[in-house]
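Visitor: Residue numbers (the UniProt record's numbering), protein chains in the order written: chain A, 1 to 397; chain B, 1 to 397.
What the hints contain is simulated information worked out from the structure, not anything from laboratory work.
Careful: at least some of the hints might be erroneous.
[Unchecked claim] Derived lysine to aspartate or glutamate pairs resembling DMTMM-like cross-links, with alpha carbons at most 20 Å apart:
{"id": "1", "chain 1": "A", "residue 1": "Lys35", "chain 2": "A", "residue 2": "Glu13"}
{"id": "2", "chain 1": "B", "residue 1": "Lys351", "chain 2": "A", "residue 2": "Asp300"}
{"id": "3", "chain 1": "B", "residue 1": "Lys14", "chain 2": "A", "residue 2": "Glu13"}
{"id": "4", "chain 1": "A", "residue 1": "Lys159", "chain 2": "A", "residue 2": "Asp339"}
{"id": "5", "chain 1": "A", "residue 1": "Lys159", "chain 2": "A", "residue 2": "Glu187"}
{"id": "6", "chain 1": "B", "residue 1": "Lys35", "chain 2": "B", "residue 2": "Glu53"}
{"id": "7", "chain 1": "B", "residue 1": "Lys14", "chain 2": "A", "residue 2": "Asp19"}
{"id": "8", "chain 1": "B", "residue 1": "Lys372", "chain 2": "A", "residue 2": "Asp365"}
{"id": "9", "chain 1": "A", "residue 1": "Lys14", "chain 2": "B", "residue 2": "Glu20"}
{"id": "10", "chain 1": "A", "residue 1": "Lys132", "chain 2": "A", "residue 2": "Asp91"}
{"id": "11", "chain 1": "A", "residue 1": "Lys14", "chain 2": "B", "residue 2": "Glu9"}
{"id": "12", "chain 1": "B", "residue 1": "Lys14", "chain 2": "A", "residue 2": "Glu20"}
{"id": "13", "chain 1": "A", "residue 1": "Lys132", "chain 2": "A", "residue 2": "Asp170"}
{"id": "14", "chain 1": "A", "residue 1": "Lys35", "chain 2": "A", "residue 2": "Glu9"}
{"id": "15", "chain 1": "A", "residue 1": "Lys351", "chain 2": "B", "residue 2": "Asp300"}
Note that the structure is predicted; figures quoted are calculated from it, not measured.
Number of protein chains: 2
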Amino acid sequence: MGTSVESLESILEKNLPADELNQVWNILYGENHPKGNGIPVEAQEIADGHNFELKVHSFNAALEQLRPPRRVKVGLFQHAHPVPTTAPVLDQLNALHKLAERAIAAAALTGVNVFCFQETWNMPFAFCTREKLPWVEFAQSAENGPTTKFLKELARRHKMVIISPILERDQFDVFWNTAVVIESNGEVLGKTRKNHIPRVGDFNESTYYMESTLGHPVFDTSFGKIAINICYGRHIPLNWAAFGLNGAEIVFNPSATVGALSEPLWSIEARNAAIANSYFSCAINRVGTEVFPNPFTSGDGGEPHKDFGHFYGSSYVAAPNGSRSPGLTRVRNGLLVVDLDLNLCRQVKDKWNFQMNMRLPLYADLFTRASKPNFKKQIVGRGLSEDQSEKDLTNGN
Amino acid sequence: MGTSVESLESILEKNLPADELNQVWNILYGENHPKGNGIPVEAQEIADGHNFELKVHSFNAALEQLRPPRRVKVGLFQHAHPVPTTAPVLDQLNALHKLAERAIAAAALTGVNVFCFQETWNMPFAFCTREKLPWVEFAQSAENGPTTKFLKELARRHKMVIISPILERDQFDVFWNTAVVIESNGEVLGKTRKNHIPRVGDFNESTYYMESTLGHPVFDTSFGKIAINICYGRHIPLNWAAFGLNGAEIVFNPSATVGALSEPLWSIEARNAAIANSYFSCAINRVGTEVFPNPFTSGDGGEPHKDFGHFYGSSYVAAPNGSRSPGLTRVRNGLLVVDLDLNLCRQVKDKWNFQMNMRLPLYADLFTRASKPNFKKQIVGRGLSEDQSEKDLTNGN
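Chain A extracted, bound-state conformation (with noise of 0.2 Å):
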């Protein structure tokens, strides 16, 4: 579909009577989906100004008898690169700060608490190319890279959680897929880094960086307890339940995705985590088209090009009673609002007991067989191994 689609949403609200989109809502959406609320003046003037959509919506919780509301505004930042992937480094990352500057500027008038960019926000999605340079020189520390020198500050003046996701040179040179958590007060709490590392398209990750061996950190912050799963650990099903054992409240799952691949995933995944593990979930995707100096192939016996594809946005946030917020469009810069009660999260623990019923000592069972070399499958039938079952076309047969 590339770009010629704005959103699922648009097409809705052009084409369906009132009451007939309520119905629609209320199926796709769930009939507890967020109301859009007010947005401020001033913000939505830093959004006009600088073409990116604003959307503001909020999720309601039960009242309690012995504990208050847990209101937080998340907000989700989605952004194009902003300049050519040619220009130097140095001024592609001072234009990506200046983006930065005015999408947080305009989250703050909104309220936000804690704010989260996309994977890698501040340098193109380069890892399609398999060149080391310049790709490499983005690279930063994470406790004092420039990039978090510069949000440290912007966390402190506006009281602001600041979730970056950058590509991280470690003491040792090493590099890694690294989100960097900010707290309010403009200190690094601490970071979490990728813990599943694509291989698939032009996702060649692996070429890059290794897998995390961080753990499935949860950050106590001053807005709730958060944790980081970034891009392809949307995928593992596994990976989001560990940051629930963990005490995750709100789990941010800052992305990089085109359409031709995923975009059939996009919407069921972060949500299915938000269900599962009684948490909020917060979906981030890159947006636009990054076209790169040099040709590359894509192992799929295509010609060489010089991009991979439309980052399709759509960013969205999911809630523990499976309701989700629209989501911004798939073609354009997009800030996305939301105001949530972290109270849900064990209302909708005590209703449905998923924690309860999950009968973990069973699966760390399973899985710890699984994990070894002569598991062997509980398979009831013929018996026939994968191999068998199928035709033997080859010559031995």
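On the provided structure of chain A, position chain B as indicated by the hints.
Guide: Just chain B now, with coordinates in the frame of chain A:
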């Protein structure tokens, strides 16, 4: 929404121009969503004559050099309870068998290889009542009960694998929520039982039966390796993963679930399982509203009543590539026939590599530790416990 909305599909088809309708399907159901196929006249006549919807769709896979296509037609049947729940048990059972015979006849005419009913298909879903009588009279031997005998004959006649989810009474008079797998030669291949039992809303199933002790069997049938994840088990991603590890190519999810509770979860969970585990998933839900003889309460402070809401049907099939079929209606009996190629499972595994990149030993270790009482969550930051992080409103504060 109750019964006021027939289906998402019907609203969209009524209102959207063809090109925009196609764009919406591409976003919602994937660019490779299955296309409608021809329906044999005789099958359509049975459906029309007995007032059930009949839909036929087809998924494609790529041609391979060494494996021929392995095409299988699955049939999913959703139905309302055909007679009042006040009728004698035998009358209810006979009416259900008659209904089943017609559905299986239509399925046979459409070429179905593997047919599956909804959860405890041969009885009303009476677990809302908390009454044992007369409902446990519907319980039967999985191997030799009247329903199994009835279906063995149909399976043999039509050379069809039939999955029959029933309430089982075993040799020790223990009840189980069981699915019987009958091979296409009419023999019982085996059975599986519900792994996760709900304690939510009117689903008082833990009053009637316990969690399965049979593991996660995969049945190697004449039409591929299939497994059955019964109802509430669809909320547990680890459960779906276990069937995948044991080699399932199609996992059926016979269910009974009502709109007010689970509708925003329905379209997400089975489809996510298909994506995460690179197999086909078949989600089947009961349809209609069942009224019981005696009033019961729902543990929600409400007045006693005789039904627990509308089962919303909406059965569908999802593919490992993330695409899915349209759903059956929310309001009527229906048979969904989907023609699929099992080769797609391994093709998707070879493309996305989730099975290679899932780091099973990491999660085996984490889940083992989390199963033990001294587990310490991996929390970075203030290190406050969950209780401390919430404002304490008690006097002891």
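Visitor: Of the hints stated earlier, which fail here?
Guide: Result: no hint breaks.
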